[in-house]
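**Q** Construct the complete structure from the given sequences, taking the supplied hints into account.
There are 2 protein chains.
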Amino acid sequence: MGFRIIQKDGNARYGILDTKSGSVETPLFLPVASQATVKTMPPDVLKKIGVNAVISNTYHLHLRPGENIIKKMGGIHKFMNFDGIIFTDSGGFQVYSLSDLKKVTEEGIEFKSHIDGKKIFFTPEKVIEIQSDIGSDVMMVLDECPPYPVTYEYAKESLNLTLKWAERSKRFFNQKFKGKRAKPLLFGIGQGSVYIDLRREGIERLKEFDFDGYAIGGLAVGEPKDYRERVVSEILPFYPEEKPRYLMGVGYPEDIFFSVKNGVDIFDCVLPTRNARTGLVFTSRGKLRIKNAKYTDDVLPLDPDCECYVCTHFTRAYIRHLFQAEEYLSLYLATYHSLFFFSRLMERIREAIREKRLEKFEKEFFSKYSIQE
Amino acid sequence: MGFRIIQKDGNARYGILDTKSGSVETPLFLPVASQATVKTMPPDVLKKIGVNAVISNTYHLHLRPGENIIKKMGGIHKFMNFDGIIFTDSGGFQVYSLSDLKKVTEEGIEFKSHIDGKKIFFTPEKVIEIQSDIGSDVMMVLDECPPYPVTYEYAKESLNLTLKWAERSKRFFNQKFKGKRAKPLLFGIGQGSVYIDLRREGIERLKEFDFDGYAIGGLAVGEPKDYRERVVSEILPFYPEEKPRYLMGVGYPEDIFFSVKNGVDIFDCVLPTRNARTGLVFTSRGKLRIKNAKYTDDVLPLDPDCECYVCTHFTRAYIRHLFQAEEYLSLYLATYHSLFFFSRLMERIREAIREKRLEKFEKEFFSKYSIQE
Numbered sequence: 079m080g081f082r083i084i085q086k087d088g089n090a091r092y093g094i095l096d097t098k099s100g101s102v103e104t105p106l107f108l109p110v111a112s113q114a115t116v117k118t119m120p121p122d123v124l125k126k127i128g129v130n131a132v133i134s135n136t137y138h139l140h141l142r143p144g145e146n147i148i149k150k151m152g153g154i155h156k157f158m159n160f161d162g163i164i165f166t167d168s169g170g171f172q173v174y175s176l177s178d179l180k181k182v183t184e185e186g187i188e189f190k191s192h193i194d195g196k197k198i199f200f201t202p203e204k205v206i207e208i209q210s211d212i213g214s215d216v217m218m219v220l221d222e223c224p225p226y227p228v229t230y231e232y233a234k235e236s237l238n239l240t241l242k243w244a245e246r247s248k249r250f251f252n253q254k255f256k257g258k259r260a261k262p263l264l265f266g267i268g269q270g271s272v273y274i275d276l277r278r279e280g281i282e283r284l285k286e287f288d289f290d291g292y293a294i295g296g297l298a299v300g301e302p303k304d305y306r307e308r309v310v311s312e313i314l315p316f317y318p319e320e321k322p323r324y325l326m327g328v329g330y331p332e333d334i335f336f337s338v339k340n341g342v343d344i345f346d347c348v349l350p351t352r353n354a355r356t357g358l359v360f361t362s363r364g365k366l367r368i369k370n371a372k373y374t375d376d377v378l379p380l381d382p383d384c385e386c387y388v389c390t391h392f393t394r395a396y397i398r399h400l401f402q403a404e405e406y407l408s409l410y411l412a413t414y415h416s417l418f419f420f421s422r423l424m425e426r427i428r429e430a431i432r433e434k435r436l437e438k439f440e441k442e443f444f445s446k447y448s449i450q451e
Numbered sequence: 079m080g081f082r083i084i085q086k087d088g089n090a091r092y093g094i095l096d097t098k099s100g101s102v103e104t105p106l107f108l109p110v111a112s113q114a115t116v117k118t119m120p121p122d123v124l125k126k127i128g129v130n131a132v133i134s135n136t137y138h139l140h141l142r143p144g145e146n147i148i149k150k151m152g153g154i155h156k157f158m159n160f161d162g163i164i165f166t167d168s169g170g171f172q173v174y175s176l177s178d179l180k181k182v183t184e185e186g187i188e189f190k191s192h193i194d195g196k197k198i199f200f201t202p203e204k205v206i207e208i209q210s211d212i213g214s215d216v217m218m219v220l221d222e223c224p225p226y227p228v229t230y231e232y233a234k235e236s237l238n239l240t241l242k243w244a245e246r247s248k249r250f251f252n253q254k255f256k257g258k259r260a261k262p263l264l265f266g267i268g269q270g271s272v273y274i275d276l277r278r279e280g281i282e283r284l285k286e287f288d289f290d291g292y293a294i295g296g297l298a299v300g301e302p303k304d305y306r307e308r309v310v311s312e313i314l315p316f317y318p319e320e321k322p323r324y325l326m327g328v329g330y331p332e333d334i335f336f337s338v339k340n341g342v343d344i345f346d347c348v349l350p351t352r353n354a355r356t357g358l359v360f361t362s363r364g365k366l367r368i369k370n371a372k373y374t375d376d377v378l379p380l381d382p383d384c385e386c387y388v389c390t391h392f393t394r395a396y397i398r399h400l401f402q403a404e405e406y407l408s409l410y411l412a413t414y415h416s417l418f419f420f421s422r423l424m425e426r427i428r429e430a431i432r433e434k435r436l437e438k439f440e441k442e443f444f445s446k447y448s449i450q451e
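In the order they appear, the protein sequences are chains A and B. Using this note's numbering, read the first sequence as starting at 79 and increasing by one per residue. Using this note's numbering, read the second sequence as starting at 79 and increasing by one per residue.
Hints listed in this document are in silico derivations from the structure and should not be mistaken for laboratory results. Do not rely on the hints blindly, as some may be mistaken.
Here are the simulated DSSO-like cross-link-like pairs (lysine-lysine), alpha carbons at most 30 Å apart as the crow flies [stated by the list, open to error]:
hint	chain 1	residue 1	chain 2	residue 2
1	B	Lys117	A	Lys372
2	B	Lys369	A	Lys190
3	A	Lys117	B	Lys156
4	B	Lys150	A	Lys369
Derived Cβ-Cβ restraints for the label pairs, each shown as a range [unchecked claim]:
hint	chain 1	residue 1	chain 2	residue 2	range
5	B	Gln85	A	Lys126	33 to 43 Å
6	B	Gly257	A	Glu425	52 to 62 Å
7	A	Arg363	B	Lys196	29 to 39 Å
8	A	Lys369	B	Glu188	29 to 39 Å
9	A	Arg352	B	Arg367	23 to 33 Å
10	A	Lys180	B	Arg367	28 to 38 Å
11	A	Glu425	B	Val377	29 to 39 Å
12	B	Arg82	A	Lys126	30 to 40 Å
13	B	Asp275	A	Arg352	57 to 67 Å
14	B	Ala371	A	Met79	35 to 45 Å
15	B	Tyr305	A	Lys126	33 to 43 Å
Among the chain A residues that face chain B by a calculated CB cut under 10 Å, a handful are [said to hold, decoys possible]:
hint	residue
16	Ser112
17	Thr374
18	Leu400
This structure is a prediction, so every number in the text was calculated from the model and none was measured. We put the beta carbon where it would ideally sit given N, CA and C, even for glycine.
**A** What follows is the structure in structure tokens.
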């Protein structure tokens, strides 16, 4: 288990991540399955689309249905009937963004459930336990995710806490899984907001704990795009070369190309699924708002260059009608296509890296794809 | 095109209905696809479930997206990508139940759209035109559907209007499709509330117009079950033997058995789909409310005797979790199973009639199935 880089094209890497539930190629995009389902998608369809890995969420699953239920059901793979690879986010980000009355101490985070107001206490050790009960293939450590913007002083203090928690996480993980055969991977998360020296200090410390992979956390929280790009391009050289690098919460095709070229291996984002449910889908020509009146009698598919089930069987006119009529099938069809689009994009990026023509593929892709809506 | 009775078992009939879009076996249950979609179900899944015929709706489709759009898209079969048989209800029932400010005259019905308040005027001829533009395989005539309860006098007057409209419908249909090869079927609708003599008078008059099939309308509108059963059992002997008989808006498995034994061939009902979306599913043991707390950690499938995709891949615990978490996939999985249950039930009823053992099958079915929840 671990990570193998098979081919490089500049700083971009084609690799294979081996986990207890099988192997998956990188660069990899993880659709989000926070509540043990990729919204609207049955798992047999996910496999048909080419989705071999998803990311679920410790915070959400702990609140509902509770890790004890998932464990009793034989783990999350059996529970949601998905035999691919399942990452789990630690829930740190969700505690900050969804829950009330957070109290952060060196010991952990106290917060109130956004569902029933129940008080909950997360420690680095506790979230490893929860992810273990869930049956995660790739666990994330508990971190503190500062908002944007944040002062240098706050970012530094927060980073120190994140690093202490990272160390405790790794120690606890090593004890818990010592000698176990099918053990999950554990990824550390780099923080430091937009301050490059803090991020560099953070990753240097994290490396000492020898994680199975390293994430860039705390981005895609509202910072300007050029700040995000600066962080990605300037901090990645300090990330361990031989370990997988995971840019959390990103993103758009243009972000993915930029980051892959800088050496990122893994992404996750709600974009394809959440946007699809509002009628905004990704196509080879760029984003398309299917609710737009001009599609009322459009006989074309969402994306004329796409070979997915939705694009080979339905017109824009029909899908627009379903959105106008508030039919559930609209959400299914739009999500299906957008996930297929991302899945196919990552496949073509991997192919391009293997054949050392990523720059050429990027140009080809953006010669058709328009970033403006 | 038309109807062939292949086998009888008592008054129950196994038959084949031939339409311009192919043939389908009866007794037949039509899932409801009012807005050109069976709610939550992609059409490839419908076919997998064994659904070969659905009923859509003139009222809904006229309001949205409009029959002109559907016609431009090549008809409803292409529009919703369903190559089975598509019935369309005339919309009479929906005008009464959904719209405001109805004004019924001998000429037709004026009403306001429940979507945007727009004034619309339906005549018997107009709804034939709309259904023709939609591309319906089996059209229903415009009728007046009186509520329950209603006085004898009102029911009689209303029936007379319905009969006048039926005559105009058939005349217009004959002119419109004269000499055409691929013509739809047109069904008349018997009314008369719970008054058997009115219903008998109605069906005798309808027969004169020589429809392709005859519906029993105006039931399942709140009347007691024994009234409904009395109407069905007492009026069916007056329905033409050689033509298909369609009991609209029914129903529960117990209603289906009762009606099939009295000679009904076709049913439609929102029950399997609408109830599924509230978490109430049909199983071989009876109805099951999956949101019930007792299913929190239940490893069984919705129906242990069912071989559908949902029952062979998911636990009650998972589906309950999806309902609790308000995940869209809950609606899909519950609908999938309930439609499969109805589809399989009708298949077994047809088998039983062919083998002249319907009574035996009914006993066997109810030895497991409990009507109480």
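**Q** The structure should be examined with respect to each hint, and the outcome stated for every one.
**A** Going through the hints against the structure:
1. For the hint pairing Lys117/B with Lys372/A, the CA-to-CA distance comes to about 25 Å; that is within 30 Å, so the pair holds.
2. Between Lys369/B and Lys190/A the CA atoms are separated by roughly 24 Å; this keeps the pair inside 30 Å, and the hint holds.
3. The hinted pair formed by Lys117/A and Lys156/B meets the criterion: a straight-line CA distance of about 27 Å does not exceed 30 Å.
4. Between Lys150/B and Lys369/A the alpha-carbon distance is near 19 Å, which keeps this suggested pair within the 30 Å criterion.
5. Between Gln85/B and Lys126/A, the C-beta spacing of about 40 Å keeps the proposed range 33 to 43 Å intact.
6. Range check, Gly257/B to Glu425/A: Cβ separation about 54 Å, and the 52 to 62 Å hint holds.
7. In this structure the hint that Arg363/A and Lys196/B lie 29 to 39 Å apart at CB holds, the actual value being about 35 Å.
8. Distance hint check for Lys369/A and Glu188/B: the Cβ-Cβ separation is about 30 Å, which falls inside the suggested range of 29 to 39 Å.
9. Distance hint check for Arg352/A and Arg367/B: the Cβ-Cβ separation is about 30 Å, which falls inside the suggested range of 23 to 33 Å.
10. Here the CB-CB span from Lys180/A to Arg367/B is close to 37 Å, well matched to the stated 28 to 38 Å.
11. A hinted range of 29 to 39 Å holds for the C-beta pair Glu425/A and Val377/B, which are about 36 Å apart.
12. About 39 Å separates the C-beta atoms of Arg82/B and Lys126/A, a value consistent with the hinted range of 30 to 40 Å.
13. Range check, Asp275/B to Arg352/A: Cβ separation about 60 Å, and the 57 to 67 Å hint holds.
14. Distance hint check: the CB atoms of Ala371/B and Met79/A are about 39 Å apart, consistent with the given range 35 to 45 Å.
15. Between Tyr305/B and Lys126/A the beta carbons are some 49 Å apart, a value that contradicts the proposed interval 33 to 43 Å.
16. Satisfaction of the interface hint for Ser112/A is found here, the shortest Cβ-Cβ separation to chain B being roughly 9 Å, below the 10 Å cut-off.
17. Annotation: interface hint on Thr374/A holds; nearest CB of chain B at approximately 7 Å, less than 10 Å.
18. Annotation: interface hint on Leu400/A holds; nearest CB of chain B at approximately 6 Å, less than 10 Å.
Violation of the numbered hints given earlier is confined to hint 15; every other hint is satisfied by the structure.
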